[in-house]
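Protein chains in written order, with the working numbering: chain W, 1 to 331; chain L, 1 to 331; chain G, 1 to 212; chain C, 1 to 212.
Errors might be hidden in some of the hints.
What the hints assert, rightly or not - With a straight-line cut-off of 30 Å between C-alpha atoms, the simulated DSBU-like cross-links for lysine-lysine are: (1) 179(W) <-> 179(L); (2) 123(C) <-> 69(C); (3) 179(W) <-> 2(W); (4) 68(C) <-> 150(C); (5) 68(G) <-> 123(G); (6) 123(G) <-> 179(W); (7) 123(C) <-> 179(L); (8) 150(G) <-> 68(G); (9) 2(W) <-> 179(L); (10) 2(L) <-> 228(L); (11) 69(G) <-> 123(G); (12) 68(C) <-> 123(C); (13) 228(W) <-> 179(L).
To be verified - Some residues of chain L that are not near chain C, with every Cβ distance over 12 Å (derived): (14) 55; (15) 199; (16) 287.
If you're looking for bench data, these hints aren't it; they were derived computationally from the structure. Idealized CB from N, CA, C, for every residue including glycine.
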Amino acid sequence: MKKLINDPADVVSDALRGMALAHPELRVDHENRVVFRGDAPVRGKVGIVSGGGSGHEPMHGGFVGRGMLDAACAGEVFTSPVPDQMQAATAGVDGGAGVLHIVKNYTGDIMNFEMAAELVAAESGIEVATVVVDDDVAVTDSLYTAGRRGVGTTVLLEKIVGAAAEEGRPLAEVADLAKRVDDAGRSMGMALTSCTVPAAGTPTFELADDEMEIGIGIHGEPGRRRVKVAPAREVAEMLIEPILSDRMFTDGVICFVNGMGGTPLIELYVVYAEVAAILERSGIRIARSLVGPYMTSLEMAGCSVTLLQADDELLRLWDAPVVTPGLRWGA
Amino acid sequence: MKKLINDPADVVSDALRGMALAHPELRVDHENRVVFRGDAPVRGKVGIVSGGGSGHEPMHGGFVGRGMLDAACAGEVFTSPVPDQMQAATAGVDGGAGVLHIVKNYTGDIMNFEMAAELVAAESGIEVATVVVDDDVAVTDSLYTAGRRGVGTTVLLEKIVGAAAEEGRPLAEVADLAKRVDDAGRSMGMALTSCTVPAAGTPTFELADDEMEIGIGIHGEPGRRRVKVAPAREVAEMLIEPILSDRMFTDGVICFVNGMGGTPLIELYVVYAEVAAILERSGIRIARSLVGPYMTSLEMAGCSVTLLQADDELLRLWDAPVVTPGLRWGA
Amino acid sequence: MSVAVGTDDLTAWLRRFAEVVHERRDELTALDAAIGDADHGSNMDRGMAAVVAVLDDAPPADPAGLLKKTGATLVSKVGGASGPLYGTFFLRMAGAAGDGDLDDAAVARAVRAGLEGVVARGKAEPGDKTMVDALGPACDALDAAVGAGKPLADALAAAAEAAVQGRDATVPMVARKGRASYLGERSAGHMDPGATSVTLLVEAAAATLGRP
Amino acid sequence: MSVAVGTDDLTAWLRRFAEVVHERRDELTALDAAIGDADHGSNMDRGMAAVVAVLDDAPPADPAGLLKKTGATLVSKVGGASGPLYGTFFLRMAGAAGDGDLDDAAVARAVRAGLEGVVARGKAEPGDKTMVDALGPACDALDAAVGAGKPLADALAAAAEAAVQGRDATVPMVARKGRASYLGERSAGHMDPGATSVTLLVEAAAATLGRP
Ligand SMILES: Nc1ncnc2c1ncn2[C@@H]1O[C@H](COP(=O)(O)OP(=O)(O)O)[C@@H](O)[C@H]1O
Ligand SMILES: Nc1ncnc2c1ncn2[C@@H]1O[C@H](COP(=O)(O)OP(=O)(O)O)[C@@H](O)[C@H]1O
Ligand SMILES: [Mg+2]
Ligand SMILES: [Mg+2]
Ligand SMILES: [Mg+2]
Ligand SMILES: [Mg+2]
């Protein structure tokens, strides 16, 4: 295993130390592993809390700041944080208007956030609402399974919902908006290589030199199928086709080409060009775009594509100022 | 070779298509492979032109925009652009106040920019000044060699000099400032893996599973020495020590931990924490920092560290608004 | 003739489980790599190391307290799916344990409560390819044996036997819960990591409890 | 008795060079991978393919025009170090070529002018482990043989021989110019890619020019 780390057991705390030092405008609670906005809690504003396993940087800690998250809880690598963390985050961001928990649909995340919400309800008067993001079309949606994973839409949702909270909207509205964004987003990912969980020390899966995995998530889990490597043009087709089959997209989408961590930006732009060409042929206008490694899977090489059906309100919230280490504009 | 590309011969033009589509605020001259500010030329402002081989994204095209570059020329992967490109860029950004060429110290870049400057002088009245960036302490500085490579300082220099040009300062001042920044910056890099030039198809060098290269540049060239892999703490020492031996740094530096393309952000933060600890022990205060993959070497895993001795003026220019795909704040 | 299970017994059980998890950590992680995210071994090892630290430093004096602290520690230290599930298992055991030492029937009742907690928390049904597929049969076997008046040691041996069979039965299953479910049909042909670790838990019980 | 070198001869030379570069593209890139950035083969191949396209589509009618267009095409299409250097070589040859076909002495003068252009542009000295280490000796051998009245074909054969030796002599050298210089002592033990490609250029001349 070749990584720029110290002891594999310390990766998360070491990285949080680095984040705290590099971003003095944030406040890091190292004991609870929570990254806070420097000015949290913001009085009268709905607090937005997200979190999940580490290894997806900049998500979520890098999305803390004005116009996006108030706090992010960092679990061990690929392991949901524990309820204590969400409790500390919730208490730390409550400005009196309640708190929204943004949870990606993984059994671990669901259960830990659920326990945290139970504890918060039992121990404090803070009102908590929860949105579950489940946008991965690689996974069959069924009542009888764990349902779809939460992937790329999470980034867009955190930005949009963060902007709405910044506007001072009440918790119920913010939570409704969050559900609307989740409903409007679909994603699909692929990998050229596996990643190596530091504590495991070996690649999670093996891929031959001429193979790629289609339909992967963001935890190094194997995908839905393994195929021969193909040009970016065909990869873009393989990712977009199931998205377009799953939901109607009409004029004006946010198109997000995400890097998995080991794929450089030059390749993401190549993929974006192909994705844009397919959407153009399909008569779907791209209203906004985002290209880069925003929701990674350690050093995995690969990408995912997310389409979010936008409307005027969502675009206005997307364009609103955001000041975080990972996304920053308008201020 | 596993890459998200189409034909290796088309990587640069495909990526430029993607960039143009993802960033409608920029103008891309696909024939000359030049990325322009949408509003170039800006009347009365010194035009800032940079460029170099591709494969370092977001550098340089991703640094085009208000407060940074007016144009960037994209060469083939790891190959300096040709004089025609710099000529087109220079003509396209000249707002009457002259143009600064930012050139990294590589024989190819030097000669191609030199020929471009000769052609501009012969064929137009545009005044051109040139700054050569040569900050890589891995390379011995000598009159009898090609001198030091231009690496990480380039990013900081483009930001700072871009801000000065935006203030409306005259060419001579902007060029002097550029030289001052180059003098004040030092860098050192390392690699855990090689990269693969698309047209070559195989890794430029081979590294055993327990080896790393210290003193690499940004073109997949082998480094100065090969050593056993070590914890981030020791890697940080290996990178910082030669920097601190090469120049006096006093209170207030800009500290830049750069990712080489294949190393995820979580590891860069781990390295940053170690770098910050060493600087703290050395009594050098970090005034500003930058952590991320800003000057990459395709999908190489590794990092570099750049220290720039700052002062009030440089910090003010660093903090000034910048609106580019790769760096954005304050506006 | 029932042998009362007290704090020392539970401590021995938990220490034994911690040891085995530590020894087989890489194996559990490898199982999770095949159909999950390669962290089940390190998750369980981290959690049980924290439990052992509690046992070393500030062991609660009564069985219910010990089980509760174990559950709370796992919830606080593990995360992922296994943290809340194992945590809930011990918290519910604690809730059912009553005061003082546990006789055989109390042990069986506590384990049953633990299982119900796991099901309430995770909503897995038998056949979903989860720890429930090993813990459920183990619990049934324990109830049956204790109900038939078998000594606790024998009852736990039967439970361990049932857990092993339940664990092995997860191999051909297509996962419907947890991370493995994302793989669809590709999840078949692999043993479930949580069913494997929970079998180690029952085996550790068989090796440590009910021995006079 | 001097055989005049005309546009057809130069065209044959350039086509031959383009062919050889294309065939040995991977070899040149591999040499550059060892001490540079793994692009010399693709750089030269891209450039010479563009030259061949010019020869196919719009070949200038006179030798000087042909050399000039070749140089300009290489400058515009190659980039890197080899673009300006090879480009300058041909541009300076063009400048020295005068009007009409070239006799042996004119060929030698043009090549010398090309070499001087390379040195003026790149500032490499003999022993710096660059193309100059092959082109320089080739130029000297050409001058000497032509001065001694040898037929051009023989003179170019001698030049090619000298280029080969000069190229081979780059192996032990420590690079002081170009990208290989960043490697310091580690650059020793590898043949210089530019010295290798320029040797192919001289060999192509020997194979195509001065043959009646
Ligand atoms: N809904 C559920 N009910 C019961 N057990 C579950 C459920 N989801 C997952 N598990 C168990 O958890 C195990 C995985 O645990 P672990 O790898 O530690 O967590 P994660 O899946 O969050 O990475 C699975 O092998 C399975 O036995
Ligand atoms: N200053 C110089 N003078 C002469 N030749 C040089 C000089 N610098 C580099 N070269 C030649 O250029 C070759 C490398 O060319 P190429 O790989 O195409 O360009 P780059 O080094 O820009 O990648 C070297 O092998 C060397 O022979
Ligand atoms: Mg996990
Ligand atoms: Mg090159
Ligand atoms: Mg797991
Ligand atoms: Mg080269």
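Margin query: Let me make sure I understand: some of the numbered hints might not hold for this structure. Which ones are they, in numerical order?
Written below: 1, 3, 9, 13, 14 and 15
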